[in-house]
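J.: With the hints as a guide, bring both chains together as one complex.
Residue numbers (numbering that gives the first Met the number 0), protein chains in the order written: chain A, 0 to 516; chain B, 0 to 147.
Just to be clear, a hint being listed does not mean it is correct.
What the hints assert, rightly or not - So these bits of chain A aren't anywhere near chain B, every CB distance computed over 12 Å:
no., residue
1, I143
2, R185
3, D498
To be verified - Simulated restraints, written as ranges between beta carbons of each label pair:
no., chain 1, residue 1, chain 2, residue 2, range
4, B, K128, A, G260, 49 to 55 Å
5, A, D148, B, N92, 27 to 33 Å
6, A, K395, B, S91, 49 to 55 Å
7, A, G205, B, N92, 24 to 30 Å
8, B, K90, A, K281, 26 to 32 Å
9, B, D34, A, I297, 44 to 50 Å
In case anyone wonders, no lab produced these hints; they're calculated from the structure. Small disclaimer: the values here were computed from a predicted structure and weren't measured. Note that beta-carbon positions come from the ideal geometry of N, C-alpha and C, so glycine has one too.
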Amino acid sequence: MDSDDDFNSSQMSDEDIMGDQDSDVSVEDGLPPAQSMDQDDVGFESQDKDIMPSKHAFDVDFTVYSPQQIQAYQDKQIEDVSSILGQPPEATAILLRHLRWNKERLIDQYMEKTEDILESAGLGETAQTHPPRLEKVAGFVCDICCEDDANQDTFAMKCEHRFCVDCYKQYLSTKIKDEGEAARIRCPGDGCNRVVDSKSLDLLVGEDIKDRYQVLLTRTYVDDKENLRWCPAPNCIYALQCGVKDKDLLQIVPTVHCECGHDFCFGCSLNDHQPAPCALVKKWLKKCEDDSETANWISANTKECPKCNSTIEKNGGCNHMTCRKCRNEFCWMCMGVWSEHGTSWYNCNRFEEKSGTEARDAQAKSRQSLERYLHYYNRYANHEQSAKLDKDIYLKTEKKMTALQTTTGMSWIEVQFLDAASQALQQCRQTLKWTYAFAYYLARNNATEIFEDNQKDLEMAVENLSEMFEKPIDQLQGLKVEMLDKTAYCTKRRIILLDDTAENLKSGNWEFNVSLS
Amino acid sequence: MSLPKRIIKETERLMADPVPGISAVPHEDNLRYFDVTIEGPSQSPYEKGIFQLELFLPDDYPMTPPKIRFLTKIYHPNIDRLGRICLDVLKSNWSPALQIRTILLSIQALLGAPNPDDPLANDVAQDWKKDEKGAIETARQWTQQYAK
Numbered sequence: 000m001d002s003d004d005d006f007n008s009s010q011m012s013d014e015d016i017m018g019d020q021d022s023d024v025s026v027e028d029g030l031p032p033a034q035s036m037d038q039d040d041v042g043f044e045s046q047d048k049d050i051m052p053s054k055h056a057f058d059v060d061f062t063v064y065s066p067q068q069i070q071a072y073q074d075k076q077i078e079d080v081s082s083i084l085g086q087p088p089e090a091t092a093i094l095l096r097h098l099r100w101n102k103e104r105l106i107d108q109y110m111e112k113t114e115d116i117l118e119s120a121g122l123g124e125t126a127q128t129h130p131p132r133l134e135k136v137a138g139f140v141c142d143i144c145c146e147d148d149a150n151q152d153t154f155a156m157k158c159e160h161r162f163c164v165d166c167y168k169q170y171l172s173t174k175i176k177d178e179g180e181a182a183r184i185r186c187p188g189d190g191c192n193r194v195v196d197s198k199s200l201d202l203l204v205g206e207d208i209k210d211r212y213q214v215l216l217t218r219t220y221v222d223d224k225e226n227l228r229w230c231p232a233p234n235c236i237y238a239l240q241c242g243v244k245d246k247d248l249l250q251i252v253p254t255v256h257c258e259c260g261h262d263f264c265f266g267c268s269l270n271d272h273q274p275a276p277c278a279l280v281k282k283w284l285k286k287c288e289d290d291s292e293t294a295n296w297i298s299a300n301t302k303e304c305p306k307c308n309s310t311i312e313k314n315g316g317c318n319h320m321t322c323r324k325c326r327n328e329f330c331w332m333c334m335g336v337w338s339e340h341g342t343s344w345y346n347c348n349r350f351e352e353k354s355g356t357e358a359r360d361a362q363a364k365s366r367q368s369l370e371r372y373l374h375y376y377n378r379y380a381n382h383e384q385s386a387k388l389d390k391d392i393y394l395k396t397e398k399k400m401t402a403l404q405t406t407t408g409m410s411w412i413e414v415q416f417l418d419a420a421s422q423a424l425q426q427c428r429q430t431l432k433w434t435y436a437f438a439y440y441l442a443r444n445n446a447t448e449i450f451e452d453n454q455k456d457l458e459m460a461v462e463n464l465s466e467m468f469e470k471p472i473d474q475l476q477g478l479k480v481e482m483l484d485k486t487a488y489c490t491k492r493r494i495i496l497l498d499d500t501a502e503n504l505k506s507g508n509w510e511f512n513v514s515l516s
Numbered sequence: 000m001s002l003p004k005r006i007i008k009e010t011e012r013l014m015a016d017p018v019p020g021i022s023a024v025p026h027e028d029n030l031r032y033f034d035v036t037i038e039g040p041s042q043s044p045y046e047k048g049i050f051q052l053e054l055f056l057p058d059d060y061p062m063t064p065p066k067i068r069f070l071t072k073i074y075h076p077n078i079d080r081l082g083r084i085c086l087d088v089l090k091s092n093w094s095p096a097l098q099i100r101t102i103l104l105s106i107q108a109l110l111g112a113p114n115p116d117d118p119l120a121n122d123v124a125q126d127w128k129k130d131e132k133g134a135i136e137t138a139r140q141w142t143q144q145y146a147k
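Excised from the complex, chain B in its bound form (with noise of 0.2 Å):
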């Protein structure tokens, strides 16, 4: 099956116009499959963190949103331990007119501000409510750890 014209353009324009902070490459052998690296938001427990992810564009995109994974562990109240990401634009809030880009950015305004009420991983974010200070230390304790 050829590629659609949308997942083109829009690799061409990460490609030649790349987000701060940001990178996305496809394999060569998958032009859907994406090697991503997230840098973490400065002011954030992620500071100096380079997170791995991998992004996949289903068949259907982008009728239905991509699939996005930290492959690096992360302690976050909305990532889990397999790396999956609780974030509305992944899944009710998708609209087909968002793009590689827009949800990248997402994730990363996601890493710059946890959601403790909202949590995909109920421990950590039991920890994030009971005791933010101890939560932001691990938080930034496994980053340095991990996120290298």
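Just chain A, same shape as in the assembly (with noise of 0.2 Å):
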């Protein structure tokens, strides 16, 4: 697959993701190739081999961490970087979360003005001869409480901005509890551009205080990696590292698997949206947004002013209509001008005119687009609800499941199948779903024709094994072969269409009728 090339030339990942692969941090505990996880859904007996090549057009290669893995990492590149620079850890892990963690472009410009970088790293001069300390100052009044008892303890970084204790408490525990900061704390004072360290930080705040602001350093490591992503999944810890740069999403869809189970897309964290490219996707849910529910209404309760197009509700009365915006006036009925209806008034019987008819066509074409949003939206909608419907429908069959269990004496292996149909149920319609999004932006072309008929099929597929889904219980066992049989066919026609429409992205074969950027 190219994304593989991609993947190799560019220069910053081409390292694992904390740099060093020959580094004594191994990876042993850490986490199997993510490939191979998303394949056990697929239930057991249905897993054709023709279906299951290792690698698909639509797939990308990327990696679970766990906290602790990623905690190591980091630390052990502070590490190495502490050494190289002869700074102590503290000032090295400023000055790489200064630099975004880009290692090579620290060390280059420490090397070349060291006095600079430390500087605007908020680290000035040497942070090595003074560890930070609490001082009694005679006459000092705090100018953040205004408080002048000399027996306070108070405390200032090497900036020499002295504030009383427990305002300096009060201000971390503010940004790092309300704000969420943690690695470009800034000193209290005003206009100083000195970060907390963590040295100082231990000094000053309370147990619970260290964690969250170990939690978020971690955070912010991640969150500077442009590899490095995390699971938006609640309550997920994991992160994912994945090659696809930002630039690549017109030509790929990436979309990875989480430990805990959950589908997203690497380029915009949003659920898993193949086969549709996250620029469509943005542009659909924002269009979906806006749309949806009033093109509905407008399409069945409005007419367009022939002459303006304004949108026209009307809400009682004659048919004689006077525009509010163009003053045009004309016949509700047939559209035509009003005046030409003579002395027939209230009473439109002049269906065949000229101008009732022009003024029928342009709202007709108007309508048009709007017909075609909805056709799409509705079919999108209507995926996106029977999913969550397999989803209740199944969690009824869960209880059945055990039922079957007991009164036909089948195990639980055995009644698997109706858990690997209904993961499949729901893969092929978050896939469905997406393609009508796809669809709606979709240029017509000779792909299109084949896209179509993919999607026909997947369709068909997946509304029979759905029916069938739906069978009462006592009938299921009897159905079970056929079951896995329509399993395996829809997991197999999902990867065809997506196989297709993922290569025909890569090589640019399809036209949209927006502009993607």
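T.: Put into structure tokens, the structure is as follows:
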């Protein structure tokens, strides 16, 4: 696959996330290469060899990392750079974060203009000589709380912006707890760019805040790295690494599978939306947010003014309409000019007249684009809804699966075909849903025919399986073989569709009726 | 809740030693709520204008910045129709060592030096960039009309 090539040719991602593959921090407790993970859900006997080749056009390479692994790699990298620069780990960590973990750039810049980079990272001079400590200063008035008690502890970093310990603590906890800042908390002094280092922080704040600080720091590491991304599933702790860059997103839809079971797009963090590329998804969602319900209503209840195309709702009264905007007077029934109605007011009997026909033609055209949108939207929404229903049905079936085991003596393993079917249904519906958004933006060419055929086949396969899935429980046992076949067929159709769209996307064969960039 | 010492001190100082061209008076029934007036700086289209603002000190002040808004209509690329102000020290560059006094001075300075490259009121900023003379003239007219 060419995605491998892109991947290896880019300079940063040829390393493992943490740079050094030869490092001591080993991946022995690491997660298995993730491609293997998404294959378990297709069920057991159904694993047709030819539907599961090692890699498809729509697959991307990725790795899942746990927070511990990220922490370890991060520490390791800090340690390495620290020994190269001869700076303590705290300062190195700040420097690395300052340059968004670009190790090469840091070392280059550090060697060239040490002072400048220390200054801009908020470290100034040397951080090594004086460890941070609390002091009591005579005649001190805290600029934050205005307390002037001579006995209060005060704190300042090298920048000498001194505040009382209570204020400093409160400041840090506001930053960490409320604002979620960690790597770039600045000195509370006005206009001071010095960053609060972790040693100073350790001295000032309590355990609970320290924990939060560590979590946030780890987070910034992932946030700063272009090839790392958090799994967006609620409460999921994993981060994923993938080599797909922002600029590749027009050619590839990088769906990744997290350890927690969540499938999402590495490009935009939304739920898996293959085959539609991120840019289309964004446009589509925005359009649906603005349009769908409104469009439905408009289509059902309004007409457009034949002169200025303003949308008009007739909320009562006679057929003699006067457009509020352009003052055009027309007949609601035939859309013709009112003056031509002569004396036949309130009783439109001139259906075949010319001006009326023209107006209706124009109206039909503007309606057509709306109809087209609604066509795709309804199918999109339908699959979304069906996927939810299938899930509900599965939850009920799950209970029946247990019942089936006890009544028929089928083993747990033997009733797993229902689980497999349910998962396949969900997955296929997710894909189908997005094929409609995709199709909406697709301009017709030769490739679209094949796409629509694929879509139709998958649609049919899914509906067949879904129907079978809803059969009463006592019939399910007899349907097992057929259901397994249909499950495998659905999965196969889905893969064919995705392979085709992904390959055409990669080679730029699709034409869209909107600009993607 | 009693008023923190910091707010008392700041208020005292604002009263005893006011900044020229700026006044800030707390409400009697709410000492965290101030009526503010700022005179438009000379050599600017806002010259001779008296602008009313409201200022509120939130519970966690000074850890979070005060909330400030123009009440007088003003034509300025960094102030929108609702009077909200786009100023770095009121947001990301807030420091608890800053005070009401310093913030109000910054706002006065903003009137003297509009920054159409970091706009809040997009339409105003566009006018400002397209036809600076015309925009300044509009600002002057608005000042004469509203900032009395």
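J.: None of the hints should be skipped; say for each whether it holds.
T.: Hint check results:
1. I143: 5 Å, violated
2. R185: 8 Å, violated
3. D498: 45 Å, holds
4. B/K128 - A/G260: 49 to 55 Å: Holds, since B/K128 and A/G260 (Cβ atoms, about 51 Å apart) stay within the stated range.
5. A/D148 - B/N92: 27 to 33 Å: 29 Å Cβ-Cβ, so the 27 to 33 Å window holds.
6. A/K395 - B/S91: 49 to 55 Å: For A/K395 and B/S91 the Cβ distance comes to about 51 Å; the hint holds.
7. A/G205 - B/N92: 24 to 30 Å: 27 Å, holds
8. B/K90 - A/K281: 26 to 32 Å: The hinted range 26 to 32 Å holds for B/K90 and A/K281, with Cβ atoms some 27 Å apart.
9. B/D34 - A/I297: 44 to 50 Å: 48 Å, holds
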